[in-house]
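Listed in order, the protein sequences are those of chains A and B.
For the first sequence, counting from 1, position 266 maps to 266 in my numbering; every step adds exactly one.
For the second sequence, counting from 1, position 244 maps to 244 in my numbering; every step adds exactly one.
Hints are computed from structural coordinates only; laboratory data are not their basis.
You can take every hint at face value.
16 Å max Cα-Cα, derived EDC-like pairs, lysine to aspartate or glutamate:
| no. | chain 1 | residue 1 | chain 2 | residue 2 |
| --- | --- | --- | --- | --- |
| 1 | B | Lys-425 | B | Asp-436 |
| 2 | A | Lys-42 | B | Glu-63 |
| 3 | B | Lys-440 | A | Asp-33 |
| 4 | B | Lys-510 | B | Glu-365 |
| 5 | A | Lys-42 | B | Asp-436 |
| 6 | A | Lys-123 | A | Glu-200 |
| 7 | B | Lys-107 | B | Asp-170 |
| 8 | B | Lys-107 | B | Asp-169 |
| 9 | B | Lys-503 | B | Asp-487 |
| 10 | B | Lys-111 | B | Asp-238 |
| 11 | B | Lys-282 | B | Glu-295 |
| 12 | A | Lys-158 | B | Asp-287 |
| 13 | B | Lys-134 | A | Glu-46 |
| 14 | B | Lys-404 | B | Glu-423 |
| 15 | A | Lys-42 | B | Glu-144 |
| 16 | B | Lys-176 | B | Asp-150 |
| 17 | B | Lys-415 | B | Asp-390 |
| 18 | B | Lys-296 | B | Glu-534 |
Some but not every residue of chain B turned toward chain A, in silico, with C-beta under 10 Å:
| no. | residue |
| --- | --- |
| 19 | Gln-53 |
| 20 | Ala-136 |
| 21 | Ser-153 |
| 22 | Val-229 |
| 23 | Ala-261 |
| 24 | Ser-267 |
| 25 | Asn-268 |
| 26 | Glu-269 |
| 27 | Tyr-427 |
| 28 | Ala-428 |
| 29 | Gly-469 |
Note that the structure is a prediction, hence the values are computed from the model and not measured.
Just so you know, even glycine gets a beta-carbon here, dropped at the ideal spot from N, CA and C.
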Amino acid sequence: MAGYVIRRFLQMIPVFFGATFLVYFLVFSLPGDPIAALFGDKPVNEAVAAQLRSQYNLDQPFIIQYLLYLQNLVTFDLGVDFSGREVSAVLAQAFPVTIRLALLALLFEAVFGIAFGLMAGLKKGRIFDSTVLVVSLIVIAIPVFVLGFLLQFLVGVKLQWTSPTVGGDAGWSDLILPAVVLGLASFAYVLRLTRTSVIENMNADYVRTATAKGLSRPRVVTVHILRNSLIPVVTFLGADLGALMGGAIVTEGIFNVPGVGQRLYQSVIRGEGPTIVSIVSVLVFVYVIANLLVDLLYAWLDPRIRYA
Amino acid sequence: MRVTRTSKMLSVAALAALTLSACGGGSDESAEGSGEGEANKTAIITANGTEPQNPLMPVNTNEVGGGRIMDLLFEGLVSYDADGNTVNELAESIETEDSQTYTIKVKADQKFTNGEAITAKSFVDAWNFGAAAKNAQLNSYFFESIEGYDEVSAEGATAETMSGLTVVDDSTFTVKLSQPESDFPQRLGYTAYFPLPAEALADPAAFGENPIGNGPYKLDGDDAWQHEVQIDLVANPDYTGTRVPQNGGVTFKFYSSFDAAYADLQSNELDILDTIPNMALKTFKTDLGEGRYDEKAYAGNQTITIPGYLPEFSGEAGQLRRQAISMAINRDEITEVVFSGSREPATEFTAPVIDGYNDSIPGNEVLEFNPEKAKELWDEAEKLSPWPADQTFTIGYNADANHKEWIDAVANGLKNNLGIEAEGKPYATFKELRADATAKTLTGAIRTGWQADYPSLANFLGPNYGTGGGSNDGGYSSEEFDTLLDDGLGASTPEEGAETLNKAQEVLLKDLPNIPLWYQVAQSGWSENVDNVETGWNGVPVYYNITAK
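Throw the hints in and build the complete structure from the sequences for me.
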């Protein structure tokens, strides 16, 4: 088991180099001159522009730029963005916010998705099941920004239960509404996934055996049906954590959450290579680690799966 | 074993669900913060802003996010009132005989908020710092009129001071320009010309994070700037200028979209919003109610530049074609339909709030919609040199802002009225558009616009149409215009200058290097908690006059 984990961590090294190289190359290939854009539609002073280009290594060929970035990375110096801020400070500010947002969304979709999915699956074909199916279909069909604006308007502006935007320190309780919006679509997926899986397992031989040997209904449901139904759901949730963090741009925009998505968007627009690469690298790590956790969870959920 | 683990997991989930709903209930209270109520001069006003894109250094701030903060933190030699009139602030007097050499006397007993006295040196050092290429300050070009600028701004320059700046004594300095420019005093309220304390020059990076100014407001302590979130300004008790704060402070909340800010405004979580989002243009008057919004034309315009270096647009045929295109655009209809009246059709090349503006410059009928005449002019051009059969007339724009709708409307107008193929050409980002424009590799027209840095006709005309002007994307060059521009700048009074500059505009109306479309109108809204909101000449609310109810 320990060996397996270590091997997985070692695998991250090529993934990291591959990802940063690719992203750096893509940023480099973006058309337009980020330094000229700094001047807005005002005249570009060539001497000042040249000074800035050399300050950000933008006058070097691509491979040198990338190597310089890696060299600084070894000393934990991520460089500065165009506004003179340390990229590490940018990350330290944006990531906790987005992690909170993503975890809340994940918690929301996992708890409610599994609970509703289980209930719907157990009562297959009944009114509750049909209602849940229709509602989840509607939720999946509506784009996230529509849901976002709608909930913001209803809850924030009309009912005034909460502030329409987040801003500020973006604490846990401020992020509930955005997290619900962010997690709604996945919630519907989790629900449907759980439901199908539960229905399938209800007809499995071991469930019939468990019922036949006189186990109580709650025990059959929790230990035999639910636990075995969770494997596809956990796979989905693990992959979704990465998607939630990187894909929160729209939700963060609607609710003005000062998180990774917004920062990434701004950096892409401005062509800030080091900031983009640093953010994406961290996202890659989150993705890889979430996947590792999922794989380890498999073994726990289904003891037949072992890692050596 | 397995049982307990499973049940533990379930109970954790149940607990989490409980906590989640408990938090949901708790958020009821979060509608506080807006109830600062009672009329007083200590209340903090909240206003929308964007994260400054550069360190907070006056000579390095060239965008609106940082600009509005700088304007409150600093006071220059002059300032502009809401109507764009120039008012002396730190300047006791600005005198000149020939519009080329200015003697500037600085008011006595003025201080930065750290106690340092403001003297002639505070200005001269700041300007020299800003102009020197090695300091890489984005506003360096604002000093280009000063004698000696070329020496300090060249690549690899070693000179650090401009020969045109001389400190006479503590309160006096002289500025010698490389040529007469009568609107120089009007410029001195712009961000680039603010004075700087010695600390700023010693450690610009630290200063950019915690600027020390002399304006109506100052930062509320060391951590006032919470990046990407907000910046807190409080009234500066030692301020003695004309822009006296009527409130206790201004907090700029940073928004990535006006939509989010508008939602906050509607629920009184935000006091001032300087731009109504497109989404709400049709509804904001009823959403907010009478007395909570304002519409005012400000010193900005939208134009289309057709580069003179395109073969189809050179020479006489090119001139006719540009006139035809201008007359084929229905400005009234587009401003009404696309912008719901939030733009005003243009009648010349500057903007209505500028001193010297004239809406009836001879020749401006070329900016009126006249499809018959347009077609006539186009056909005339066809006789001189035919338009390539398979060529489409493109109008480039940056797709990262709201331009598509009106560009399409303009293109459709050209299609219908001139019978040519015309379409918008989106560039993904602003920087890509600018890269093509500055490299002069455009293959069609592009959208351009100008927002004045200081309220002066010349600020619109010089950079955009002067030969070699910094923002002259079309590469326009006209001897007649240049002469009139120089004469206007060299005039002994601003009034005389304006008259000559408007003569210069007559040349532009003939040549149409840019096709003026419309003037920007600022539409702002405010919460139930504030009063006395007014929009300034530059479209930015006059923050210091706002009072809390």
